[in-house]
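Residue numbers (the numbering used here), protein chains in the order written: chain W, 1 to 205; chain V, 1 to 324; chain P, 1 to 319; chain Z, 1 to 166; chain C, 1 to 652.
No wet-lab data here; the hints were simulated from the structure.
The calculated lysine to aspartate or glutamate pairs, modelled on DMTMM-like cross-linking and capped at a C-alpha distance of 20 angstroms, are:
id, chain 1, residue 1, chain 2, residue 2
1, W, Lys172, P, Asp39
2, C, Lys610, V, Asp233
3, Z, Lys105, V, Asp195
4, P, Lys242, W, Asp150
5, P, Lys108, W, Glu181
6, C, Lys205, C, Glu321
7, Z, Lys23, C, Glu108
8, W, Lys172, P, Glu13
9, Z, Lys105, V, Glu297
10, W, Lys171, P, Glu36
11, C, Lys609, V, Glu97
12, P, Lys100, W, Asp186
13, Z, Lys105, V, Asp198
14, V, Lys200, Z, Asp114
15, C, Lys610, V, Glu241
16, W, Lys160, P, Glu13
17, Z, Lys46, C, Glu108
18, W, Lys171, P, Asp69
19, W, Lys160, P, Asp266
20, V, Lys120, V, Asp137
21, V, Lys234, C, Glu581
22, W, Lys175, P, Asp69
23, C, Lys609, V, Asp233
24, W, Lys184, P, Asp104
25, W, Lys172, P, Asp69
26, W, Lys172, P, Asp104
27, V, Lys120, V, Asp155
28, V, Lys98, C, Glu603
29, P, Lys245, W, Asp150
30, C, Lys609, V, Asp75
31, W, Lys171, P, Asp39
32, P, Lys100, W, Glu181
33, V, Lys98, C, Glu612
34, Z, Lys133, C, Asp106
35, P, Lys238, W, Asp150
36, P, Lys100, W, Glu23
37, C, Lys602, V, Glu97
38, W, Lys184, P, Asp52
39, V, Lys234, C, Glu612
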Amino acid sequence: MERTNTLSIQQSRDNDFIREVEEASGQTVSKCYQCGNCMASCVYTFAYDYPVTQIMRLTQLGQRDTVLGSSSIWLCANCQACTTRCPQNIDVAQVMETLRVMSRKANTVSQRDIRVFYDEFLRSVKTFGRVFETGLLPVYNLRTKRPFTDFDLAPRLMWKGKLSFLPARIKKRKKIAQIFEVIKRDRFSKDGKARPEPLSSQTDI
Amino acid sequence: MLETDRIQLHKLVEEALPELDMMIGWTESCDPLQTTPVFIRDAKLISKLTLGPFCSQNLAGYLVKPPALESVPKDAKPIGICVKGCDSRSLVALIQEKFISRDRVRIFGIPCRGTIDWRKVAQRVGLSDVKSATVEDDFLVIDASGTTHRIGLEDVLARKCLGCRYPNPIIQDVLVGQVATPRSSSLETTYRDVDALDNKPIEERLAFWQSELDRCIRCYACRNACPLCVCQDKCIAETREPRWLTQRVGLPEKFLFHFIHAMHLAGRCTGCGECERVCPMDIPVTLIKEKLNKIMEEMLGYSAGLDPDGVPPLLTFNPGETEI
Amino acid sequence: MKRVAYYKGCSLEGLAVEYDRSTRIVCEAFGIELVEIPDWNCCGSTPAHSYDPLLSAALAGRNLAIAADNGCDMVMTPCPGCLKSLKGAQETCEDPQQRKAFVDLVGKDVDGLKTVSLLQLLYEEVGAEALQKAVQRPLTGHVLIPYYGCLLTRPAQKARFDDPENPISMDRLIEATGATAPDFPYKTECCGATYGVTRNDFVGRLGGRILDMAARLGGEAIVVACPLCQQNLDMRQKQINKYYKSAFNLPVPYISQIIGLALGIDPKVLGLNKLCVSPRVLLEDRTQPDQEAQRVGAAVKPGPNQPGGIAGGESIQPS
Amino acid sequence: MTDSSPRSSAPADQTAANTQGIKIVGFLCNWCSYGGADTAGVCRFKQPTDLRIVRIPCTGRMDPLFVAKSLIYGMDGVLVSGCHPRDCHYAVGNFYARRRMEALKLFLPFMGIDTRRFRYTWVSASEGQQWQKVVTEFSEEIHRLGPNPGVGPRSGENSKISNGLR
Amino acid sequence: MRIGVFVCNCGTNIAGTVDTKRVASEALSFADVVYATNYMYTCSEPGQQEIQRAIGEHGLQGVVVAACSPRMHEPTFRRAVEKAGLNRYMFEMANIREHVSWIGNDREANTQKAIDLVRMAVAKLRFNNPLFSSKMPVNKRLLVIGGGVAGIQAALDCADGGMDVVMVERKQYIGGKMAKLDKTFPTIDCSSCILGPKMVDVSQKENITLYAASEIESISGYIGNFTVQIRKKATYVNWEACTGCGLCTEKCPSKKAADYFNEGLGAARAINIPFPQAIPKKAAIDAQFCRQLNGKKCGVCAKVCPVQAVDFEMKDSIVTEQVGAIIVATGYDLFDHSAYGEYGAGRYPDVISGIQYERILSASGPYGGHIRRPSDGKEPKDIVFISCVGSRDASVGRPYCSGICCMYIAKQAILTRDHLPESNSYVFYMDIRSPGKNYDEFVRRAQEEYGVQYIRGRVGKIYPRGDRMVVQGADTLLGVQVEVEADLVVLATGVESSAGAGELAEKLRISYDQYGFYMESHPKLRPVETNTAGVYLAGACQGPKDIPSSVAQGSAAASKVQSLFAHDTIETNPQVALVNERTCISCGKCIQVCPFGAIQWKELRGGIKKAEVLPTVCQGCGVCNATCPPKAIQLQHATDNQILAEVNELCA
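The following block holds chain W by itself, in its conformation from the complex (with noise of 0.2 angstroms):
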């Protein structure tokens, strides 16, 4: 995402995303006051397009796009540290998880193979029921076109027999199928804010 370096404020300010999120999450977005805590929390802002605390401060103002398509949300892996530390006791990992759904849901995700990581595991839950670890990574590297991640376990795993080839699967699988058929026909539906996903750029699960 390309840094944004002036704003008119009132031009670009989306009411409806900061009612958004603060629905989603349960938080009071306007509680944050930039301490930076969450930032210097954050063993993961080294990699962020834009620290935790600037994404906080955008979604004050209202920056829906920048903040949707940052990677920042992308690269959070949940681990809590922010919200832990929080001075204004803002659940700031579930600011970030709310940004993440609303980021698939608007179709914005700047981690292509994050989410074909996920999309992955997904359909392997729901096929199996289960995650099948060994059939998920090849279809990942195909996916992704970096057919050698972590092609280098492989012989130790086989060695130490921790490498399964036939997937585990559960009984009642149509269970589980249904309930993913149930979330994807009403995702959309709750918000009101249909934007359907176009699944010829994107696969889903």
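Use these hints to put chains V, P, Z and C onto chain W, whose structure you have.
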């Protein structure tokens, strides 16, 4: 058995009377279903004293109300008084609130097996021509208009007696007769009627009281009979200074009067039922106080008239009770 | 005998089989009956949550519902990630606005269940004192680094267990085995495991920092209670060394394995042979006072676990 | 946030028709809650206008009969507010009040009077915002309940309930 | 009664949302109202004259003013009607500003409410009676609770004015927190050089009685006549005899007693005088560490004491003092940073609090004024200061600004550079709050002249790496994470209310806020008064404060006391309970519930007893009135009839 108790009472009073200023007890009246109070100074009258299921009146009130109190000089000898379990609680409350000191009364405690509500009898056999009435085991036997009626005691006992937890006097100097077994040991039984009303929807409760209290003629019999209603003619239901109530006869006035009576007795009422017994309009006024008694028990763990050293809960406080 | 529903989670079927094995053995040793939730399914982990929180709640909630159907009032999972999902499901179920949707998806409510981690179960239901009494093979003389990971005690309001900044439950259990547990400043720092596959450089950086600090404190091994932390620090230790230009060789056993060892259980049965970095050093008996014992707590000798080329471990520059 | 109040979600005209002329009496202790109401005013914290405040020196001055009288004679709501327990200007007045108010609160419904029409609360002189919250919530509650039906017609009005002697 | 109603526009404050003209015209229809008008500013001089003119012209017997809160202007208008010949209690106020015009914009609803409030006030006024005060003597002795700089200032001011002062201090020395400070901002004055002489003055003034190592046991009475019980805690040394020679301390074998004065940085002896300039300069035994008092054989101090002052049998004793006014100056405590797990929860020796650093800087401190770090005594090279530890932090229950930390950090950073010119100081801050005279200049000097590195951001975590502490923070101005390796970390711990503030408030019957700071009568106009007459506040017990403000408040409270003591008598409040003996039923319930013991039995002829109120003791709470079954006891000016009149108006 009743006769044995009566003879024992006569004997005890005879022994005590020289040290007493006066003896207050019950005696038979022209109505076999009811007794009347008797004030005895003359030993010859002792034989008139009676006890038993027809002695429903609570005599404790006489200690603080005319005529008894006014006739007693300050340094006089103690007054003897007959009390049932419920009456004794009134006595405890009066001692607790220092209306009477313990050494001014000689208490003849009488265990009680329940008192007869003459209204309930009248509903069954009519009021006329009751020649005699006796209690045999669990039955009331009435000879009226030449017929003998046997009525189950449960059907004619006063409402308060059915849920009685304290049939035996809380305090006494002498006990007359055998200790009685409580009819109730639980809040559920004691407050059965309260719960029954509470379980109705609020609209029905309001309608109930509207219909009951509408009959109130504000004769103040309930107030006058209450041993703990100590204001008497200073009662704010009647005064102009301050002026809480007018002499209008609308339902609000009737409600407010009964609220005044109830709130003034909150945490003090011992549940003797006198207010209800004397009501000429047949209004269940004790029920109102029973509800407050239940609140006091549940909220503050307090029952009036059980501890002469206790303090009525609305006249004190506990800083720690944050949950109420 | 305490009866606890056991939600093992996908990792413990694959890369963390030894965690599953040692968990079962240790619980059995302390008289805790683990009832594996029949036909359990994956909780969906982070991918489900970032897709839709309700998906995560429903996937995790189904397992809780089965546990309740089997007459359990406590559900234990050794995986903090799964625990987070289970707690999320409970929270969703208790939220009046989402309760109906949740119950519709899961089929019933999941009220009244207590969800705990393996560590919490061992610390609260067994306790350090009972463990100490049960020790057959004291680990006296060993220096073990307690590493809790980011999710086990955080956020405090949801985890409701131990301290979010400086937890001590694992320290106490380690000490009960006779070993020394240094005051480890990175107890709850994130190891980067989430990005094990997608961002390998994160793992190098974050995992390296943890291994580095553990080595500085003279640790012989890093004890963990999370399958992801374990895989990250153990399986990927070589990758980390490559990124970090270091030569760490720190075994990363599970707390259940360490307790099992102290109880005198056969290391192989505990699956210690499944660890990538050999845990041989842990098997040394140091209960006899000799020179080795003096190493404990003393200044750290330079050794293979010292950090490599990067001074201070990390450098921060404005991006 | 205000969107969630049932008041604004109801059709405006209907709300107005139901609840016009709602009257709530508030008995406020001079030292704490009256000051709190002043503070709320000074801070311009907007509140519903149904409340009429009677200033009393202390909640210890509150005879529960003031509340009973108000409700019996048709007030739609009664609010009693004083210093926080332990903060009483007279040291213990509110401790007495607490018991008396609670007893009344439990008693009212037995007599057929909706106990939600009576609330007692503790608000200090500094808590303007808290006062706004208390007033707003209580007023909304009373508006939901609508006008107090009272216990029956006053004298002179036509009694429909009177059924004479039984 | 002839009643006049005056509706105030208060400029547009009321008239903006209330039709005051209509309120006045409606008022004319109320019973007994013979005159009603609205006026621009009723409280102004001409406004008051207008009331007085109407009283004369229309023969008014009672006045209602509908304006602001009676808590604001009731006294003003009472004086005004009194000047026109009415009794001041023949006056009522309707609050149509704070309770009407300022809280709603609906003009119609507001006007209707204002009319109701005026109707209620008129209805009440019809039951008002003239009331008359009596006079009672004032005991011109002052009690000062707390011997910090605010209390000292107040005590000295009053003592200079010739009044008797009793000072009670919980610790064994006076001087408070200021006695522990090295230097003061923004002048870098030596703290003990400016405070010391004042402390000496306290001990030398003949009209100041000092009870150190003492606490307030109980307080009864009322303005002009308080009775105070003071618990003198056992010091195990007879202070009448002790000369402060220090021989006992020198010989005491218990050498590891807690050094409270040095904030735990050093070790003290079990018997000691906390610091060389202590006032009173008397030794006391810390029972926790004394060998003799813990059943071991010792008694060395008793043997060496040249004046036999040591008394192991000493017990707490209670003394009673009579005073006419009380100044509360109990100061503050500092936040305990062990609440911060991310900063090590107090387990790292080189992460210290600001007050500990103050002791390190002090020449009379544990290190003799040389900056060293507690862990190994090394001179630190890199020092990090962190602001807002226990301030502006809702997560630890301290959302307020402590007000002094920004300044004391700047001072400490400057002093650090003075002591160790080669060192580097870093300050992590969120905002700099320096709104005092020469304050901001001082902070600028720290940055410009002393090269202190200010970093805008909070610190997330502090942990050891080797023998140094890693401070992991943020620079929010750059939007980056920063890391500083430090030898010493100083946490600017914030201000919190003094331990036990709540209990003392309850004894004083004053109120305190949710954080334990005492409530002033009015945040702007009555900053040192409390709602309990005769009790005044000074210093940080009312809220975080620096030294100049504390001293100013000490003097302000002293001046309030002096104006009280300028009179020989004070008027009693006539709004007290009164018994109607004709309706009193002698039940004694009023006597039972009165919180002040203000009601007693009075025996009439014939031995009949009735309740009687002592008007000087009665505080006017009205509990008796609420309790009395026949309502024979009535609280004047809040009688049943008056309250009922208001209620009846509403129910009508």
